[in-house]
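Participant: Each chain, letter by letter, is given below.
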Amino acid sequence: MNRVLLIGSPNSGKSSLFNRLTGLNQRVANFPGITVDVASGPFAGMPDVELVDFPGTYSLQPISGEEAVAVEFFQRALTDPEVRHVLCVVDATRLEKSLYFTLQVIRECQKRGKPVSVLANMADVLAVNDLAFDHAGLADAIGAPVLLVSARQGLGIDLLLSELRQKLISQPAVSSRWSETPDELLRGSAHQLAQRFGPRGDVLVQSQLRLDSFFLNTGLGGVAFFCIMFLLFQSIFTWSAPVMDAVETVVMGMGATLVPLISNQVIADFVADALFGGVGAFLVFVPQIFVLTLVIGVLEDSGYLARAALICHRPLKVFGLTGKSFIPMLSGVACAIPAIYAARAVDSPWQRVMTYLAIPLMPCSARLPVYTLLIAVFIPDETALLGLVGWQGLALFLIYFFGMFAALVITGVVSRFASGAKSELPFVLELPPYRLPSIRPILRMAINRSKHFVTKAGKVILAVTIAVWVLGYFPNGGTDLGTSWLGMLGHWIQPLFEPMGLDWRYGVAILSSFLAREVFVGTLGTIFGIEGADDNMLPLVEQIQGSGLPLGSGIALLVFFAIALQCVSTVAILSKEGSFRLASRMLVGYLVTAYLLALLTFNVVEALV
Amino acid sequence: MHPAQSPRSLWALSKGETCAVLGFDEALPEPYRIRLMEFGFHQGEAVTCLLRPGFGAPRVYRVSNTVFSLDVEIARFVFVEQSELGSA
Ligand SMILES: Nc1nc2c(ncn2[C@@H]2O[C@H](COP(=O)(O)OP(=O)(O)OP(=O)(O)O)[C@@H](O)[C@H]2O)c(=O)[nH]1
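In the order they appear, the protein sequences are chains P and G.
According to the numbering used here, the residues represented by the first sequence are 1 to 609, in order.
According to the numbering used here, the residues represented by the second sequence are 1 to 88, in order.
Please keep in mind that the hints were generated in silico from the structure rather than gathered at the bench.
The structure presented is a predicted model; accordingly, all values stated were derived computationally and were not measured.
Some hints could be false.
If you anchor each label on the Cβ, the simulated ranges turn out as follows [to be verified]: (1) G/S9 <-> P/G387: 47 to 55 Å; (2) P/W492 <-> G/P31: 51 to 59 Å; (3) G/S14 <-> P/G45: 50 to 58 Å.
Over the 12 Å line for every Cβ pair with chain P, so calculated as not near, a few chain G residues [claimed, not checked]: (4) P7; (5) R8; (6) A12; (7) S14; (8) L22; (9) G23; (10) E26; (11) T48; (12) D71; (13) F79; (14) E81; (15) Q82.
By construction, the Cβ of each residue, glycine as well, lies at the ideal position given by its N, Cα and C atoms.
Full structure from sequences and hints, please.
Facilitator: Following this line, the structure appears as structure tokens:
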């Protein structure tokens, strides 16, 4: 298989070009020895040539763990005989920043005899702003072809593909012009070349500055920040409600149609309670995950997320974190697993550990089903301010806020007393231009994330739901849950949860949720489904409301779920990315804290109401 | 035109002020010095302070056609001198 490497500094448009060149036909390649996922895919129109998306880095002299992985991968790929060409992407509107890196890439390629082409991206921005870029002059000066392209509009892509096809056949000789040039000289040359051939004028910087003056303004920018974050939470709760209702109706409808057709009682019970009750209850939350990913994607693509990191830096610094922790922490709102990978961008090892510490407390989407269920049980589904603000959305905002607050308190305390806090690295962040987000790739990411959630969590959920159903159905054929195997197990652990007003059913659901938090909902669905009459089609919420769960227990459960690290996948990845010691300490520490806080909450709330 | 002055740091620039990079403090670790140079903070290069957000937040600087945000812990290690280009 012929391979072509795609490489470029962050924000050069590398991912967009990758999508354009492969027709979004992306799969995750597995490269031995590296821990990051590397996307690869066949070229559109050249199925026998694979394009490999190299992780973005500013330089071949890494200063963060993430860059070190990327550089190591690049150096190794250059020795791979299947790699036949390297495409280096630069942002043509900001040449200076990318050119030194480009020259480093050219030098390394020349050392290893790999041909390289430079793709000067964002040609559409140059055209709209009437900016001149002498790409032919630059090509002559650096001794490598420079092609003007626009990943967004597809300009220059056909030419690139045909030239690449030619080169893969003819295998041009590789010059050695830069192969011995030291970094110092490359830096100087990059600077001169950018001055000589790059676009002049500062219209782009000026228009960026106008928006930054607003978004980074102490007063108005702060208000905008809180509005954007508030909208984020309203979007995943209030706005996705109609789709959630639709999913619920479809799942229930399918169950109601299918179950009467099954003559065997055991199978009918299984399909109704375990499949449609348990798995259906979890599927309902996919729309929220989809909307959340979409909104974060839009924020990132628009350039706002980098401003949010800047705004958050000072406050996060107080708690031993950095503005760069904000993006991993925000990703943790979707799922802790990608967030832990994203924490590689935090270059200070100590602050990275602090970020790891904070991520599992971020209100991840797996908690969302649990929160949604408990909120629906206790908070009325009513709105205020002309229907714009829902009380349930507000309650969700508060519990989300509680998780984030707990994260900050914990990292703050740890960084104050731990010795490693001295080794922090300073904060430098490129502020990308504001752009209109490209919706298609974001939509695709949201679909992939939802699929990932369903397939990954779905397997665990199906296994746990079936196990719980079997334990609850036998040995008495589902007639009395109290004397079933599940009931026995629940009664056995009851003393642990009794002090917070929770009976054995919640004990069982909490136990099963250690596989994945959202299993809590499926398990309760199965337990209540078995207990309730088969013809009762009311949602799980009403069953819990009817069971007389005290308010204090509900809030204690919310607190417990906000803190406890009940996710095997997160623990596994933490021990891989951090260390086993860190992961096991976090597991035990958060569990004990969650239990004690839940106990305290129950007693305080019950004393007040 | 300007009498000899002790070097100012990038952090001391006021909003809209343009200076030329003079060098880096010894205390700035080597990898960071290199990275800043890669970003365009070369000796003699014009750098403009675009914004000084409140509450001690990192400040926003323009160098070449790119905009970076630098915290006090790094900006105070970059020395600048009055530039012929004056203020933006
Ligand atoms: N106008 C315009 N915008 C582009 C073009 N290519 C990419 N973009 C935008 O530039 C931003 C960065 O693009 P990405 O493809 O994510 O860039 P990247 O190099 O992969 O960036 P990282 O993911 O941060 O490494 C996105 O908002 C894109 O929509 C282009 O040719 N023209």
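Participant: The structure should be examined with respect to each hint, and the outcome stated for every one.
Facilitator: Hints, verified against the model:
Distance hint check: the CB atoms of G/S9 and P/G387 are about 52 Å apart, consistent with the given range 47 to 55 Å. In this structure the hint that P/W492 and G/P31 lie 51 to 59 Å apart at CB holds, the actual value being about 56 Å. Between G/S14 and P/G45 the beta carbon distance is about 55 Å. The supplied range of 50 to 58 Å therefore holds. With a least beta-carbon separation of about 19 Å from chain P, G/P7 lies farther than 12 Å from that chain, consistent with its non-interface assignment.
Chain P leaves G/R8 outside its interface by the beta-carbon criterion, the shortest separation being 18 Å against a cut-off of 12 Å. Distance to chain P confirms G/A12 as a non-interface residue, since its nearest Cβ pair spans about 17 Å, more than 12 Å. For G/S14, the shortest C-beta to C-beta distance to chain P comes to about 15 Å, beyond the 12 Å cut-off, and the non-interface label holds. Remark: the non-interface label on G/L22 is consistent with the geometry, its nearest Cβ contact in chain P lying 16 Å away (cut-off 12 Å).
Distance to chain P confirms G/G23 as a non-interface residue, since its nearest Cβ pair spans about 15 Å, more than 12 Å. No beta-carbon of chain P is positioned within 12 Å of the beta-carbon of G/E26; the least distance is around 15 Å. Residue-level check failed: G/T48 sits 9 Å from the nearest beta carbon of chain P, not beyond 12 Å. The claim that G/D71 lies off the interface is violated: its Cβ sits roughly 4 Å from the closest Cβ of chain P, which falls inside the 12 Å cut-off.
Every C-beta of chain P lies more than 12 Å from that of G/F79, the closest at about 16 Å, which supports listing it as non-interface. Interface exclusion of G/E81 from chain P stands, the closest Cβ pair being 18 Å apart, more than 12 Å. Against chain P, the non-interface label of G/Q82 holds: every CB pair exceeds 12 Å, the least being about 21 Å.
Violation of the numbered hints given earlier is confined to hints 11 and 12; the remaining hints are satisfied by the structure.
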